[in-house]
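For reference, the chains in residue letters:
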Amino acid sequence: MLAFTLRRAIQAIGVMIAVGIISFSMFRYAGDPVNQIVALDASPAERAAIRKSLGLDDPVPLQFARYFGDAVRFKFGVSYQFREPVAELLKERMPATLELAVCATIFAMVLGILMGVYSALRRDSWLAKIFQAVSLIGISLPTFLIGILLIYLFAVVLGWLPSFGRGDVVRIGWWTTGLLTVSGLKALILPSITLGLFQMTLIMRLVRAEMLEVLRTDYIRFARARGLTTRAIHFGHALKNTLVPVITVAGLQFGSVIAFAIITETVFQWPGMGLLFVQAVQNVDIPIMAAYLLMVSLIFVTINLVVDILYTVVDPRLRSSISRPA
Amino acid sequence: MLAATIVSIVSIVSLATTPASAQTLRYANQGDLKSLDPYTLRESTTIAHHGHVYEGLTARDKDLKIIPALAESWETPEPTRWRFHLRHNVKFHNGDPFTADDVVFSADRVRAKGSDFQSLVPADAKVVKIDDYTVDFLLTTPNPILIAQWDAWYIMDKKWAEANDAVAPTPVSATTPSYASLHENGTGPFTIESHQPGVKTVFKANPNWWRKPEHNLKEIIFTPISSEATRVAALLSGEVDVIEPVPIQDIARVNASANAKVLTGPELRTIFLGMDQIRDELLYSNVKGKNPFKDLRVREAFFKAIDIELIKTRVMRGLSTPSALMIAPQLFALSKDFTRPKFDPEGAKKLLTEAGYPDGFEVGMDCPNDRYVNDAAICQAIVGMLARIGVKVELLAQPKALYFAKILKSGNFSSSFYLLGWTPATLDSHNVMFDIMGCRDDPASGRGSTNVSGYCNKEFDAITDKVLQESDTTKRDLLIKQGFEIAAKDFAYIPLHQQALAWGVSNKVKLTQRADNQVLLYWATKQE
Chain P
1 MLAFTLRRAI QAIGVMIAVG IISFSMFRYA GDPVNQIVAL DASPAERAAI
51 RKSLGLDDPV PLQFARYFGD AVRFKFGVSY QFREPVAELL KERMPATLEL
101 AVCATIFAMV LGILMGVYSA LRRDSWLAKI FQAVSLIGIS LPTFLIGILL
151 IYLFAVVLGW LPSFGRGDVV RIGWWTTGLL TVSGLKALIL PSITLGLFQM
201 TLIMRLVRAE MLEVLRTDYI RFARARGLTT RAIHFGHALK NTLVPVITVA
251 GLQFGSVIAF AIITETVFQW PGMGLLFVQA VQNVDIPIMA AYLLMVSLIF
301 VTINLVVDIL YTVVDPRLRS SISRPA
Chain X
1 MLAATIVSIV SIVSLATTPA SAQTLRYANQ GDLKSLDPYT LRESTTIAHH
51 GHVYEGLTAR DKDLKIIPAL AESWETPEPT RWRFHLRHNV KFHNGDPFTA
101 DDVVFSADRV RAKGSDFQSL VPADAKVVKI DDYTVDFLLT TPNPILIAQW
151 DAWYIMDKKW AEANDAVAPT PVSATTPSYA SLHENGTGPF TIESHQPGVK
201 TVFKANPNWW RKPEHNLKEI IFTPISSEAT RVAALLSGEV DVIEPVPIQD
251 IARVNASANA KVLTGPELRT IFLGMDQIRD ELLYSNVKGK NPFKDLRVRE
301 AFFKAIDIEL IKTRVMRGLS TPSALMIAPQ LFALSKDFTR PKFDPEGAKK
351 LLTEAGYPDG FEVGMDCPND RYVNDAAICQ AIVGMLARIG VKVELLAQPK
401 ALYFAKILKS GNFSSSFYLL GWTPATLDSH NVMFDIMGCR DDPASGRGST
451 NVSGYCNKEF DAITDKVLQE SDTTKRDLLI KQGFEIAAKD FAYIPLHQQA
501 LAWGVSNKVK LTQRADNQVL LYWATKQE
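From first to last, the protein sequence lines are chains P and X.
Mapping the first sequence onto this note's numbering, position 249 (from 1) lands on 249, and the numbers just tick up by one.
Mapping the second sequence onto this note's numbering, position 69 (from 1) lands on 69, and the numbers just tick up by one.
Next comes chain P alone, as it looks inside the complex (with noise of 0.2 Å):
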């Protein structure tokens, strides 16, 4: 158990030193970084000098084991753009994003959860039908469409939501919430539906599969006739194996909800680390755009390690087989 932990940890570090790679790579080869910092009519002497401030001269091995261990440390270096430390802009849009991909998730698993045990248990009724129609255009329809469809919708048609912005957020500390105030709240519901209505319909067909094999099973069988009660069947007992997959699934595509934030960000001018990165992709501002590729690589080996390893805590079954050399 713990040389498998160990490994895997080892692994994700490989990855993100691979990852470190990329994102520098990018500080030499997408431009030169001095182009971005002078004006256009700097003189040779003035680049000479800025080249020499920011280390551009030091071998390859030695500018990447510098920046490395400046990202280790979080110290991602100046944006270009804002002329502020990237790590700050990070520390300030990140809750915005992880509220909302927690948001979305959440609603997804609710939303889907119920909606796939209903279409499994009831599966020829109209109800059901009309789930399966709904999934089919959250995972036909592109999320901008979404969105802006709900906008069209909600802001403008009805009046009822706001169709941009967090709207008031309280700041506790470092973080920022807007789930304590009457508008933030109000401004969540749409890019949380936007964002995760993709997830809805992966989890929703993902529940209803599995929970029509659960309940094809023996065991179920034999719950039945020794006498159980029909909900102490489905709910406590099919729906339990069901959702081990379902948790596994829904951990693992966190990590992509947060990617496609990017989307949903840019179309509600979500103030997160989506619609950050978008911006600084437009204005060619490395710095960012290096340390955004770093952080998400993070989160997702971090993810990914955790899921892991849950998944081997709750599975016995997986315990031995790993145990045993591979």
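Each statement offered as a hint is correct.
Here are the computed lysine-lysine pairs in the DSSO-like style, where the Cα-Cα straight-line distance is at most 30 Å:
id, chain 1, residue 1, chain 2, residue 2
1, X, K406, X, K113
2, X, K409, X, K113
3, X, K489, X, K288
4, X, K129, X, K159
5, X, K409, X, K392
6, P, K91, X, K204
7, X, K200, P, K75
8, X, K91, X, K158
9, X, K336, X, K481
10, P, K75, X, K113
11, X, K458, X, K290
12, X, K65, X, K91
13, X, K475, X, K489
14, X, K294, X, K466
15, X, K508, P, K186
16, X, K91, X, K510
17, X, K204, X, K508
18, X, K65, X, K261
19, X, K294, X, K349
20, P, K52, X, K406
21, X, K204, P, K186
22, X, K261, P, K186
23, X, K458, X, K409
24, X, K218, P, K186
25, X, K200, P, K186
26, X, K200, P, K91
27, X, K294, X, K400
28, X, K200, X, K261
29, X, K409, P, K52
30, X, K489, X, K294
31, X, K129, X, K113
32, X, K489, X, K409
33, P, K91, X, K400
34, X, K409, X, K290
35, X, K392, X, K406
36, X, K126, X, K91
37, X, K91, X, K113
38, P, K52, X, K400
39, P, K52, X, K113
Hint data in this document are derived by calculation from the structure and do not stem from the laboratory.
Starting from the known structure of chain P, arrange chain X on it as the hints suggest.
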């Protein structure tokens, strides 16, 4: 900690439920406001924002005429000496009095390393304080349009800058942000109450402003909204009062809505095409050994192949004004003496044949796709028009960050045929003649620094130099006309049109639209 949170929740909830005061104006722009330092970024939206909190020695009124601001009056006792008499009893937002020391300090700071506005005050000009309210600028050569751009050169408070370590304009590799990029201290009609770069900026009216306000606003809340659909939705739903720009395809929709209208008018920006006339062989063409654009007939053929009225009706939906000149007619008094050569595809084909290209040739075209109104669509239309005369154009449309890096000086002017837009920063023809039409054979002089095509006519340059020194306006305009006639005969460039401004404005707001596209809300009034 908990108590503080509870208090803030209660206050914010109560704020959320009270209706916004009618004197709060909400403004959303496509771009955002990053740094509050007025010398960091020379870009018209940023300059407009800073214009609400900072002021220069001069300003421009609603018709773009130069009017006194922090300088009450000025004179030139000698051609190389400008004397400015400063306004009395002006205070910065923190209470510091405005004096000549601040002007001298700002002149040094604007020319320092890290400033994007270095060309606004000549590098070799000496700035001398005569007394607390008089400053002299001593130049090495006469410059009748010295103050033409000074409505964007904002005066900063010397004491405040020195006290907060903000003497250098936003240092390059700092580990802590510059004070001036997050705080402001100007003399203008508004102060900045809070600023989250790229998210939201709140302006509050300055009760101690020295001018009598024409606006009735207590507060301006600025939020950037980069997604076009969202920005229009926010205007239609009433969440914002002013947006800029309104995408062309949504103009009819906004005008048809109940609570907003679109203000349109010609912008000062002239959109034009340029052709590489300096290289011996084009970088992106199938013609080897010679450069077709060096032949006047080929340039004329390209000009005559373009149906600008079709571009206006189909691509710009009527929102453009075809140009005959490389400068907007509002900025040049004798522009009515110029007419645009007629669209003539048959004549163009004949010219090409005469020049030795009966079957046309292939050429690559560079175009931005997110800088000007419908820029990529205009280029695509031009590709089709040139195909009619036998020229096969391969279009490369890119985002502006890549496009400008490729075609400007820093990219070694790597283009054979390109589209560009230009508003002369001085609002004067000399800027156009010097920067984009002057020979670029002498980089140290600065001439032709944005002359991507390499057009070079020594006679034209001589006239440009005379224009700079001529103080008599009538003579000057005649010289400019002479210069433009030479360039028009040479078919140096292909001016296309002036694009239109489109500001979305709520019906509750009255606003003046200035042709340089600066959204200045100190001229806005909002009714209950």
